[in-house]
Amino acid sequence: MQYVAQNGQVTEAEYPYTSGHGNSGSCLSKGSPAVHVAKVNTVQSHSAAQLLAAIAQGPVSVTVEADKIAFQGYTSGILNSAACGTNLDHAITAVGFGNKNGQSYYIVRNSWGPTWGDRGYIMIAAVEGTAGICGIQQTSVWPNMK
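For the sequence shown, our numbering assigns the number 861 to the initial residue and increments by one for each residue that follows.
Derived from the structure by calculation, the hints contain no laboratory data.
These numbers were taken from a predicted model, which means no experiment stands behind them.
Errors might be hidden in some of the hints.
Claimed, not checked - Distance condition first, Cα-Cα at most 16 Å in a straight line; then the derived EDC-like pairs of lysine to aspartate or glutamate: (1) Lys-928 to Asp-949; (2) Lys-890 to Glu-872; (3) Lys-890 to Glu-874.
As the list claims (entries may be wrong) - Derived CB-CB ranges, DEER-like: (4) Ala-909 to Ala-873: 32 to 42 Å; (5) Ile-967 to His-906: 18 to 28 Å; (6) Thr-953 to His-896: 10 to 20 Å; (7) Ala-898 to Ser-941: 36 to 46 Å; (8) Gln-904 to Asn-961: 25 to 35 Å; (9) His-896 to Gln-963: 34 to 44 Å; (10) Asn-867 to Lys-960: 33 to 43 Å; (11) Thr-946 to Gly-973: 23 to 33 Å; (12) Ala-942 to Trp-972: 16 to 26 Å.
Cβ atoms here follow ideal geometry from the backbone N, Cα and C, with glycine treated the same way.
With the sequences and hints as input, model every part of the structure.
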């Protein structure tokens, strides 16, 4: 997010996502920035209420531990398990929230494509006062756009 605040963001049409397609993993400088960030806001860590409030403003960049089977093998329902850990290694986007049978949850879009999870999405339980399921409530930011 800090990079985008300093340099702007090009469109995906100009700079397509290529992970897993044999690329070297190096970033290229190309395209003209189409979006600029005026300010990066940080969500108070360990607070489901604050993360839910941020998501109510718009998409929020969240970070989770995604290297465990609890996350990688997700297919449906609300993920509410400590089995995925809290050692952050994957950035994704929280795009909404809901409540089912008294359990609040975040709706998160993953970058692994529509064949993963629930058509590319995961519902992660919102648990107040903790690092959160998969560590989702540890490090989150959202931008104010110029």
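Each hint, compared with the structure:
1. Lys-928 to Asp-949: 11 Å, holds
2. Lys-890 to Glu-872: Holds: Lys-890 and Glu-872 sit about 11 Å apart, inside 16 Å.
3. Lys-890 to Glu-874: 8 Å, holds
4. Ala-909 to Ala-873: 32 to 42 Å: Holds, since Ala-909 and Ala-873 (Cβ atoms, about 37 Å apart) stay within the stated range.
5. Ile-967 to His-906: 18 to 28 Å: Holds, at about 20 Å.
6. Thr-953 to His-896: 10 to 20 Å: 18 Å, holds
7. Ala-898 to Ser-941: 36 to 46 Å: 38 Å, holds
8. Gln-904 to Asn-961: 25 to 35 Å: 27 Å, holds
9. His-896 to Gln-963: 34 to 44 Å: 37 Å, holds
10. Asn-867 to Lys-960: 33 to 43 Å: Once the Cβ atoms are compared, 40 Å apart, the range 33 to 43 Å for Lys-960 and Asn-867 holds.
11. Thr-946 to Gly-973: 23 to 33 Å: 25 Å, holds
12. Ala-942 to Trp-972: 16 to 26 Å: The hint (16 to 26 Å, Cβ to Cβ) holds, given that Ala-942 and Trp-972 are roughly 22 Å apart.
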